[in-house]
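Participant: Here is what each chain is made of, one letter per residue.
4 protein chains.
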Amino acid sequence: MKKIVIEQLEQRGITVDDIALIVFDLQKSYYPGLEKEVCLEAIDAVLEKREVQYAVLTGLALDVLAEQDLLPEPISTIIKMDESLYGIDEILALAITNIYGTIGITSFGYLDKMKIGLIGRLDSSLGYVNTFADDIVAAIASAAAAKIAHNQKGNGKYHH
Amino acid sequence: MKKIVIEQLEQRGITVDDIALIVFDLQKSYYPGLEKEVCLEAIDAVLEKREVQYAVLTGLALDVLAEQDLLPEPISTIIKMDESLYGIDEILALAITNIYGTIGITSFGYLDKMKIGLIGRLDSSLGYVNTFADDIVAAIASAAAAKIAHNQKGNGKYHH
Amino acid sequence: MKKIVIEQLEQRGITVDDIALIVFDLQKSYYPGLEKEVCLEAIDAVLEKREVQYAVLTGLALDVLAEQDLLPEPISTIIKMDESLYGIDEILALAITNIYGTIGITSFGYLDKMKIGLIGRLDSSLGYVNTFADDIVAAIASAAAAKIAHNQKGNGKYHH
Amino acid sequence: MKKIVIEQLEQRGITVDDIALIVFDLQKSYYPGLEKEVCLEAIDAVLEKREVQYAVLTGLALDVLAEQDLLPEPISTIIKMDESLYGIDEILALAITNIYGTIGITSFGYLDKMKIGLIGRLDSSLGYVNTFADDIVAAIASAAAAKIAHNQKGNGKYHH
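Chains as they are written, first to last, in the working numbering: chain R, 1 to 160; chain Y, 161 to 320; chain L, 321 to 480; chain W, 481 to 640.
Worth flagging that the hints you see were computed from the coordinates, not collected in a lab.
Keep in mind that the hints are not guaranteed to be accurate.
What the hints assert, rightly or not - Keeping only pairs whose Cα atoms sit at most 27 Å apart, straight-line, the calculated BS3-like set for lysine-lysine is: (1) Lys2/R <-> Lys369/L; (2) Lys482/W <-> Lys209/Y; (3) Lys80/R <-> Lys188/Y; (4) Lys162/Y <-> Lys529/W; (5) Lys323/L <-> Lys356/L; (6) Lys209/Y <-> Lys49/R.
Note that this is a predicted model, so its numbers are computed, not measured.
Just need the whole structure built from these sequences, with the hints factored in.
Facilitator: As structure tokens, this is what we get:
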């Protein structure tokens, strides 16, 4: 199943490598010697979780169907426009972020606001619907960052 | 928008009246003189909320698309089978339940387990996909029950 | 840390054995051959999680301090009375329930409503404050039940 | 009750005015003509909600008791140090942020990470325990920002 999830992410222009760069950016100031390999491993562990897989597949399906005009109205237009009060994308993202506890929420909100790296590119892609995709990327990156923090526990205080 | 939401619920065999019966069942032991009118008003207030409308429309769209075989695989089969570990329906339902605080969660879990009234009928409908619909009904009923509880505040302790 | 958590639970009259009975009750109809040992192992895995440990220790501390009249007013009275709209106990419980995804929420709501076994005894103990304790027990049991469900995945459909 | 909440916030060095500045900072780029009065009104509406009041009072009580060494160990030390994996403060904050739907989560995470204004000052106060206080401020500000966004709905798209 993880393989399918990675394939469907790639079909939407999202590579595990891009996500790893975001995780690295999030965590480098807390863990000076952090290596990209550790970020990739953390993402791999996140994508192994069934709850994450279901959230990713559901969110990407909604983006794809909105793009193909297959959703009923008015939800089709709402998702296509990423209407400002539409929060279902954040809700799905929380299901991903929560798997390593709530400390991932902070990073998620930060990434969603700052639109770092791939997240910003997805958010502004013309012609594509990435209403769910950008939140999914931010959520996977935040969960992976939380996992790294959990593995490093006992290494002193840091501000998450 | 509320009118559209009620119409789309009705197209899936869900009437506000059926939901009111569930709210009444949930709350009658706490508020002996409870009238159905109060339940209907509470449901109306719940359906007025933008977050609720978006959650309902998104969930029903996923049921409809799964029924019409328009979702990509493997998420299509997962939703059609209501796979036991698929929790995205509960996640969407929480977005509804939460609008009057967390006290609605208890009723939601109870309803989802006991499959009371319409919820049980939806869950077992052959030929239809109601993976999201049954949780949506349970969530609207729980939120309405929480609203009634909030309005009655100061009327003494009860166990929610 | 897990040992400390189990000790603090026992000081509030909560044994892992009592929780295992609740998990067994929740899951026996889905898994006919379920053994108590499996329930105990699942609870053990739940209590291993840092997020769970923090939620349990924080909740029990609030019960103890309320009992000793050390909390400031008005929150002291609110917690001691388990005021009907106070939902912070449910919020803490969700932090526990969520660690294996949202499928645990259904069991949690059901247990909280039905007050099965120890949960009912805690809820009604005179002279003690168990505002957080009963939700904590329901949450640990629900998370353990969700873990068992995750481990059994692929064994066909069941209604959670 | 709202009056008591505001008093207890002030006793911890938190004024509604400081929070209004944060809300203003969050929203000024979306609503060019935004006035501080609107921010104050939105905060007032947030603090009117029972769920918010309970979350604030519970969180501040935990900070105060930790400061006075009245919490049992090990949770006392964990809260005093704001241990990096302790996420109960974020969980309480979510109860506040959620009252206007999930769109508040993004602002919350951003504020928590950037430590803007009062939030940064609280977080680094020596001699005081502000483990819950900084998240509470970020959460109230985010909920107020979400309320402003809801009131402005229909005024076109903006990125929350």
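Participant: For every hint, state whether the structure bears it out.
Facilitator: Results of checking the hints against the structure:
As the CA atoms of Lys2/R and Lys369/L are separated by approximately 24 Å, the hinted pair is consistent with the 27 Å bound. About 24 Å separates the Cα atoms of Lys482/W and Lys209/Y, which keeps this hinted pair within 27 Å; it holds. In summary, the hint linking Lys80/R to Lys188/Y is not supported, as the alpha carbons are separated by about 42 Å, beyond the 27 Å threshold. Note on Lys162/Y and Lys529/W: the hinted pairing holds, with a Cα-Cα distance of about 24 Å set against a maximum of 27 Å.
At roughly 20 Å between alpha-carbon atoms, Lys323/L and Lys356/L fall within 27 Å of each other, so this suggested pair holds. Between Lys209/Y and Lys49/R, the direct Cα distance comes to roughly 32 Å. Violation of the 27 Å bound is thereby established for this hinted pair.
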